[in-house]
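Required output: the full structure, derived from the provided sequences and hints.
There are 2 protein chains.
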Amino acid sequence: MAKNLTTRGEDYSKWYNELVVKADLAENSGVRGCMVIKPYGFAIWEKMQAELDRMFKETGHQNAYFPLFIPKSYFSKEASHVDGFAKECAVVTHYRLKNAEDGSGIVVDPDAKLEEELIVRPTSETIIWDTYRKWIQSYRDLPLLINQWANVVRWEMRTRLFLRTAEFLWQEGHTAHATEREAIAEAEQMMNVYAEFVENYMAVPVLKGTKTESERFAGALETYCIEALMQDGKALQAGTSHFLGQNFAKAFDVKFATKEGSQDYVWATSWGVSTRLMGALIMTHSDDNGLVLPPKLAPDQVVIVPIYKNEEQFNAVSEVAVDLMKSLRKEGIRVKFDNRDTHKPGWKFNEYELKGVPVRIAIGPKDVEKGTVELARRDTLSKEFVPVENVVGQVKGLMEDIQKNLYNKAIQHRRDNTRSVETYEEFKEIIKTKGGFVLAHWDGTPETEERIKNETKATIRCIPIEGEIASGNCMVTGNPSKRRVVFAKAY
Amino acid sequence: MAKNLTTRGEDYSKWYNELVVKADLAENSGVRGCMVIKPYGFAIWEKMQAELDRMFKETGHQNAYFPLFIPKSYFSKEASHVDGFAKECAVVTHYRLKNAEDGSGIVVDPDAKLEEELIVRPTSETIIWDTYRKWIQSYRDLPLLINQWANVVRWEMRTRLFLRTAEFLWQEGHTAHATEREAIAEAEQMMNVYAEFVENYMAVPVLKGTKTESERFAGALETYCIEALMQDGKALQAGTSHFLGQNFAKAFDVKFATKEGSQDYVWATSWGVSTRLMGALIMTHSDDNGLVLPPKLAPDQVVIVPIYKNEEQFNAVSEVAVDLMKSLRKEGIRVKFDNRDTHKPGWKFNEYELKGVPVRIAIGPKDVEKGTVELARRDTLSKEFVPVENVVGQVKGLMEDIQKNLYNKAIQHRRDNTRSVETYEEFKEIIKTKGGFVLAHWDGTPETEERIKNETKATIRCIPIEGEIASGNCMVTGNPSKRRVVFAKAY
Chain A
1 MAKNLTTRGE DYSKWYNELV VKADLAENSG VRGCMVIKPY GFAIWEKMQA ELDRMFKETG
61 HQNAYFPLFI PKSYFSKEAS HVDGFAKECA VVTHYRLKNA EDGSGIVVDP DAKLEEELIV
121 RPTSETIIWD TYRKWIQSYR DLPLLINQWA NVVRWEMRTR LFLRTAEFLW QEGHTAHATE
181 REAIAEAEQM MNVYAEFVEN YMAVPVLKGT KTESERFAGA LETYCIEALM QDGKALQAGT
241 SHFLGQNFAK AFDVKFATKE GSQDYVWATS WGVSTRLMGA LIMTHSDDNG LVLPPKLAPD
301 QVVIVPIYKN EEQFNAVSEV AVDLMKSLRK EGIRVKFDNR DTHKPGWKFN EYELKGVPVR
361 IAIGPKDVEK GTVELARRDT LSKEFVPVEN VVGQVKGLME DIQKNLYNKA IQHRRDNTRS
421 VETYEEFKEI IKTKGGFVLA HWDGTPETEE RIKNETKATI RCIPIEGEIA SGNCMVTGNP
481 SKRRVVFAKA Y
Chain B
1 MAKNLTTRGE DYSKWYNELV VKADLAENSG VRGCMVIKPY GFAIWEKMQA ELDRMFKETG
61 HQNAYFPLFI PKSYFSKEAS HVDGFAKECA VVTHYRLKNA EDGSGIVVDP DAKLEEELIV
121 RPTSETIIWD TYRKWIQSYR DLPLLINQWA NVVRWEMRTR LFLRTAEFLW QEGHTAHATE
181 REAIAEAEQM MNVYAEFVEN YMAVPVLKGT KTESERFAGA LETYCIEALM QDGKALQAGT
241 SHFLGQNFAK AFDVKFATKE GSQDYVWATS WGVSTRLMGA LIMTHSDDNG LVLPPKLAPD
301 QVVIVPIYKN EEQFNAVSEV AVDLMKSLRK EGIRVKFDNR DTHKPGWKFN EYELKGVPVR
361 IAIGPKDVEK GTVELARRDT LSKEFVPVEN VVGQVKGLME DIQKNLYNKA IQHRRDNTRS
421 VETYEEFKEI IKTKGGFVLA HWDGTPETEE RIKNETKATI RCIPIEGEIA SGNCMVTGNP
481 SKRRVVFAKA Y
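Residue numbers (full-length UniProt numbering), protein chains in the order written: chain A, 1 to 491; chain B, 1 to 491.
Mixed in with the good hints, there may be bad ones.
Chain copies aren't distinguished; within one or between two, either way the pair holds.
Said to hold, decoys possible - Subject to a maximum C-alpha distance of 30 Å in a straight line, what follows is the list of computed DSSO-like cross-link-like pairs (lysine-lysine):
1) K255 / K348
2) K57 / K255
3) K336 / K134
4) K259 / K22
5) K134 / K344
6) K326 / K404
7) K87 / K457
8) K87 / K98
9) K336 / K434
10) K14 / K134
11) K457 / K98
12) K14 / K432
13) K57 / K330
14) K309 / K87
15) K366 / K409
16) K296 / K47
17) K404 / K47
18) K453 / K330
Don't read these hints as lab results, they were simulated from the structure.
As the structure is a computational prediction, the values presented were derived from the model and not from experiment.
Quick look at the structure:
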């Protein structure tokens, strides 16, 4: 292939890794496990951020910022949280370097050892709840609805660009409520906000559900999640929202005076999505020619490529291109006119296909004569000649068509790869040969869940919230099951 | 005072510290030197970010994201940079904690020591230029115009909210150019972008200039800066832009093929502003009643406070308020209608004065009868009754008037506190008793600069770019001086 991109059929994992780098989304840095998000990748992330931020604000949340560092002792305050998060992490032990006495460079100054080590935040519940103690006195201070956009660090041994990196960017919402009911409603609301964003903007269909106890966030009483299915049949957890009960309020002593005058612990939620969403976006829609982006998140929705052999032709073509660019921009469409003379049209075609620009317009001297342009859509790779006067209308339509088409293709793929099974034999066979979501009965015990995981590498992605509920018998133990749960191998 | 705020006259420094906390802008956290930026403070920072980000993009820059951690050895590659930045910093030495064997909590796992320590970035030149080596091969790849919004850490011993904190938020631009001239033009352009932002949005007048050699950024050939004057006569450096020559390109071996086919090192700039700007904003405009915000950056530009004694009155007042709110919002004005029944009007008046909301509208039953409202402006603390039908027009006018008035007051203050001196005696006297900007002749040597600093605590804030140029003799040594430079004590 012109792009030298490994195909999905050859090696899906390699295809992904190559695509992320070649489409200028991200690359590995000189720092183990940490990525560089390149300008084109970051522009997509910024679009995601902008929409999510708007949705958070529309649901009453405010942004704030809490410290990067968390004193080690904070983690010990919530018992289950410490095991989940405080183990594989970046530990700051010193606050100074000095010149080595032998002149060999700079070394850690042993005199600058911290009294208490600081952990680079893997998530911010502890530092935030330590702060909320000061902010919350009365029911008048509730609900407290706060979000933070931040970087976090979890020391991962095996990393992959966007999907699993030591440092990643995310948002973390942390809310405090007067009642259990309100906190649960908040956690559910945010799961729905995430689902709406991922489906409507990323064009990625998701299953909503709750996690089993063993897959829950460390410190949560309930974890709500949205799960997407990638083209290779593996699941990807796209976002989680946790009902934390009063665990953190108790650990950090956050009480409030109720309307009735008594003192009660506050109820909490937390919820987050991360740059991992970039991985979901890339893996859901892209093909062997490169990235495919939904118009709503594409930094450039349309690219115009001029075709010419001399300056006269260039001028004639440019005139049409610039007019078209202006008309499209008036309609709020993001257009790039690539008039660089350092690259040939064929190179540009390849480049924008690789980068997933939804619509490409090519204009040559013959088009100028005929009053047409060539319009190509990235998702279907189809092309047609269109009269100049129809281009704006057609492009506007394409923005919606492509967005819908991507979603529909993804949901069709999920339908084709969602199967119900009755027996464990059948389950193992499907997980091994086909992958996808497998709906099966499970007896509700961590032991059975663990056994299935060990034997098949499939985990329970969620206990679905929507869909039919029918009881049955666990495929492994035969014990009663209230409803089927969703299994898959996962990223 | 109702607000229990120390006055500026009593203790300027205490006034600032109290104001930052009481106006809900920021507070100290449980982590030494790290602040929590509270939602109201963060909302102002977000407005600043949005405008700056727009200005950066309009001048051709793209955002990207680079790792939080920098391997220790990277700092040793640029000789002057290591002394400036790699010394007082947060050092990550381990990547795991474990349960203490005596059950006393969690401790650092000695088996998880990093081979090479990681520094939490104090600034990102080194990691970014290590990356640029891979991105730049040819003149076609230039200029590379990249910005990053990020958190950075410098281990400060004496910290103050926004002004000097161990962790702070900032943006750092890092650009690469084919020629020296282009790089210098870029560094100057960004100084001008900063000046435009700080003057037009923050309503804070600034002096533009260059730093002396000893005040330059570690690794720069020239540092451009903008300097503002606070109400207490101390200067505050509001932004810097550095021409880095080929220092980082040489340190990280970043060469490019020129148009002519030769290989040359790339020319660099870097430039940044930080949450320190919040300190400048607060200290320039605020008064003994609290914060004063310029309308362009105020999260709420107008607050409407209803005054009522019973439900009937509340309904009548609310109707007018909601109509007004809608009309104002149609004009793009940010309005809050504070209809909480948990707080009295007097409390609200105090609160919004403390929080610097530019315009307050109060509406009571009598106003409803008369068809008027009470309009109060925060900057002058003046009030008047205005017919409802004139409110929108008047508020629109006020948005501009208040913005201008704040700028004019600040520039008048700077004029009143900028003095030229001829002798060192006079200089010492003014620095000691009056402060402000002092223009004086200096012989251009670091020795004289150092002596003045040691004897008076005043530093050269900048060698001004604008204003008259007249030669003279150094006030200390009598040696020739090409032009006066600007001295002040500084934050």
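(request) Go through the copies and call it for K14 and K432: within, between, both or neither, with a Cα cutoff of 30 Å. (result) Within one copy, since 20 Å is at most 30 Å while 68 Å is not.
(message) One pair to classify: K404 and K47, alpha carbons no more than 30 Å apart. Within, between, both, or neither?
(response) within (18 Å within a copy, 34 Å between copies)
(request) Go through the copies and call it for K457 and K98: within, between, both or neither, with a Cα cutoff of 30 Å. (result) The answer is between: 27 Å across copies meets 30 Å, while 48 Å in one copy does not.
(request) Could you place K255 and K348 in one of the four classes (within, between, both, neither) given a Cα distance threshold of 30 Å? (result) between (61 Å within a copy, 25 Å between copies)
(request) Classify it for me, K57 with K330: is the Cα-Cα distance of at most 30 Å met within a copy, between copies, both or neither? (result) This pair counts as both: shortest intra-copy Cα distance 27 Å, inter-copy 19 Å.
(message) As a check of your reading, is K296 near K47 (CA-CA no more than 30 Å) within one copy, between copies, both or neither?
(response) For K296 and K47, the Cα distance is within 30 Å both inside one copy (8 Å) and across copies (24 Å).
(message) As a check of your reading, is K259 near K22 (CA-CA no more than 30 Å) within one copy, between copies, both or neither?
(response) The answer is between: 25 Å across copies meets 30 Å, while 59 Å in one copy does not.
(request) If the cutoff is 30 Å on CA atoms, where do K87 and K98 land: within, between, both or neither? Let me know, please. (result) Cα proximity of K87 and K98: in one copy and across copies (29 Å, 6 Å).
(request) State whether the alpha carbon distance between K57 and K255 is at most 30 Å within one copy, between copies, both, or neither. (result) Within one copy only: 26 Å inside, 46 Å across.
(message) At most 30 Å between alpha carbons: which applies to K326 and K404, within, between, both or neither?
(response) Within. Shortest intra-copy distance 26 Å satisfies the 30 Å Cα cut-off; inter-copy 35 Å does not.
(request) State whether the alpha carbon distance between K453 and K330 is at most 30 Å within one copy, between copies, both, or neither. (result) The answer is neither: 54 Å in one copy and 57 Å across copies each exceed 30 Å.
(request) Up to 30 Å between alpha-carbons, please classify K87 paired with K457: within, between, both or neither. (result) Intra 23 Å, inter 47 Å, cutoff 30 Å: intra-copy only.
Going through the hint list in order, the structure does not satisfy hints 9, 14, 15, 18.
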